[in-house]
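Respectively, the protein sequence lines represent chains A and B.
Under the numbering used here, the first residue of the first sequence carries the number 1, and numbering increases by one thereafter.
Under the numbering used here, the first residue of the second sequence carries the number 1001, and numbering increases by one thereafter.
Treat the hints as calculated values from the structure; they're not laboratory data.
There may be inaccurate statements among the hints.
To be verified - Derived DEER-like restraints, expressed as beta-carbon distance ranges:
1. B/H1051 to A/G195: 29 to 35 Å
2. A/E293 to B/V1047: 55 to 61 Å
3. B/R1053 to A/K106: 29 to 35 Å
4. B/S1148 to A/G54: 49 to 55 Å
5. A/R83 to B/K1042: 52 to 58 Å
6. B/G1122 to A/T189: 29 to 35 Å
7. B/V1047 to A/S89: 22 to 28 Å
8. B/S1148 to A/K76: 56 to 62 Å
9. A/G120 to B/K1042: 50 to 56 Å
10. A/T189 to B/E1272: 42 to 48 Å
11. B/R1053 to A/L280: 37 to 43 Å
12. A/E293 to B/N1210: 25 to 31 Å
13. A/R257 to B/R1053: 29 to 35 Å
The beta-carbon is built from N, C-alpha and C at its ideal position, and this holds for glycine as well.
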Amino acid sequence: MKETRVITRRDFLRGTAGVALTVAFHSGISATAQAKQKAKVVLIRNAEVLTVGGKVHGEILGQMLDEALRALLVEKEPAQAWRKLFKASDIVGIKSNVWYNMPTPKELEGALQRRLMEVGIPEKNIGIGDRRVLSNPIFLNSTALINARPVRTHHWSGIGGCIKNYITFVSNWSDYHGEACSDLGKIWTYPLVQGKTRLNILSALQPQFYGRGAHFFDRRYVWPYKGLIVGTDPVAVDAVGARLLQVKRTAYFGEDRPLDVPPIHITVADKKYHLGVSDLNRIDLIKLGWREEVLI
Amino acid sequence: MRVWILLFILNLILTPARMANGGRNEPMKLEISFPAETGGWKWDGKVRSFHPRNLFDYMDGAAELYLAYRFQSLDVYQLEKSGQPPLTIEIFRMGSSADAYGIFSFERQDKEAGIGQESESGGGMLRFWKGQYFVSIYGEGEGPEIESTIIRLGKEVAQAIPQRGPAPKLIANLPGTQVGLIQKSIRYLRSHVLLNQRYFIANQNILHLNPQTEAVLAQYLRGTHKVHLLLIQYPTEKKAEDALHSFKKAYMPEATEKGFLKTEDRKWTMAERQGEFILAVFGAPALADADELIKGTEAKLQEGGK
């Protein structure tokens, strides 16, 4: 059996971790082909989207979503962009996240549902779910998925992002906890989800950049960033999200404070499962809206 | 009349003698009690209990951390007060007092609160360890009233835990504050996954950490630089030698003989074996800094801190 390549701290110091991962996970794509692949991600922020108490202003959030999609798909009108991704005959599962400390905002779920209905999809063909997707007929019969969740640090995988959000599409969660949850991308290759995800959204309205305790949550480390990170490429969206958390940690602590676990699953999703682009140098990040303390 | 919460914990006492004799592991009841009302917050009357097999039901993503410190059981209590956020008490029984210390040390960052054997308080959360128990008390919100009630509750719970226990002996081998030790940075570990969470070394377990090994990681200040010292104790010298060989081969293949090198960040890494111990320094600004920490640890080991 071929010995798996060890990736050490020195690979990260050299900036060759990506190369090392490619070797480690036996990528089937040539270096040339990978070099050509690029991704686009939209970061949109609005200073008014949260009230002083942290409540989400639904109307503003909807506008942010529309504007992000319009820019992402280079359309003049948001409605055209939505129609580019979905058609009236689609059955769509909106994969949210119910983690009680930081759930997917109801306002975001609602905005997504309304946009899908505006495309012409009947309400009965739209489902919103997380823990019970495996028994939800909408998800089981879905033709398309939207992946929407808050971005946060995660004790075992480095970040809780779009790739990790599909853990509930399998029942044996603990099987994916090995080596910093590196194999989460595998879930995206299963028939229930493979090729169905049209849109990935990280809610960075109030991200969590550091965690502790049994629930890995400490409100001191949640901040009102007031943004959404949007893309069709889940790997690129997560790579941008991870970068945001990393930069915020450094800014907050005044020293290099790496993520608790290097989010190796993002790179593996790229290099091994070819789900998207993890290299920030190959991600075209379009920044829209409020720019104060944008960090990235 | 004061009402008290009674915790009856089924505690399987697995003494080596019993196991060696093939004796039955009979459950023993331990009892801890503390007031059911503090500062106007009242216990809601429910206890949620968890064991290693269902700990994942309680915590999303962090259960492995507790299991790595030989988690035995968890009891969770909630206290409520009208118009105030609820308070949660989590009482973890770990495999030993060293494990309780370990889980405490792993996330320690805030100021000492003077509760239990060691504690910290900040951000509406109190954490402490005493004996084989690790306790966490927190509120869903912050404020002076919540903070003071959490501290009072913590004192009562700590008082209710009957016995103290020793911290891991290995810690005594760390060179002290005179050479820049940052006390709060000491982490006691048994797994390479946890080591990587505090200081990433390699994706694979190149230092052969396992439940039979013990490790301490600590930071030392060198000017503005933070240097990491890692000390690992293996069951035998042979296992330590094998682990050192594995580490050097993967991490510093160009310096396996001399045992030190300048890495790509222009800082120094040094590693060596002393008996059943591996001593390693990472990120030293000068070779002399690495050498001083290694020699300081060697001296401690020779003093018999082990």
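- Could you tell me whether the CB distance from B/R1053 to A/K106 stays inside 29 to 35 Å? holds (34 Å)
- B/V1047 versus A/S89 beta-carbon gap, inside 22 to 28 Å or not: violated (51 Å)
- Item | Verdict for B/H1051, A/G195 (Cβ pair) under range 29 to 35 Å | violated (40 Å)
- Regarding B/R1053 and A/L280, is the given constraint of 37 to 43 Å on their beta-carbon distance met? Distance hint for B/R1053, A/L280 holds at roughly 41 Å.
- Message: If I claimed the Cβ atoms of A/R257 and B/R1053 lie 29 to 35 Å apart, would that claim hold in this structure?
- Response: Given a distance of about 34 Å, which is inside 29 to 35 Å, the answer is holds.
- If you check the beta carbons of A/G120 and B/K1042, does the distance land in 50 to 56 Å? At roughly 53 Å between Cβ atoms, B/K1042 and A/G120 fall inside 50 to 56 Å, so the hint holds.
- Query: Do B/S1148 and A/K76 keep their Cβ atoms within the hinted range of 56 to 62 Å?
  - Reply: holds (58 Å)
- Task: Just tell me: holds or violated, for the beta carbon distance of A/T189 and B/E1272 against 42 to 48 Å?
- Result: holds (45 Å)
- Query: Is it true that A/R83 and B/K1042 lie within 52 to 58 Å of each other by Cβ?
  - Reply: holds (56 Å)
- Query: Per the hint of 25 to 31 Å, is the separation of the Cβ atoms of A/E293 and B/N1210 within bounds?
  - Reply: violated (44 Å)
- Determine whether the Cβ-Cβ distance between A/E293 and B/V1047 falls within the hinted range of 55 to 61 Å. Taking Cβ atoms as reference, A/E293 and B/V1047 lie about 44 Å apart, which means the hint is violated.
- Item | CB-CB spacing for A/T189 and B/G1122 relative to the 29 to 35 Å hint | 43 Å Cβ-Cβ, so the 29 to 35 Å window is violated.
Checked against the numbered hints given earlier, this structure breaks hints 1, 2, 4, 6, 7, 12; the rest are met.
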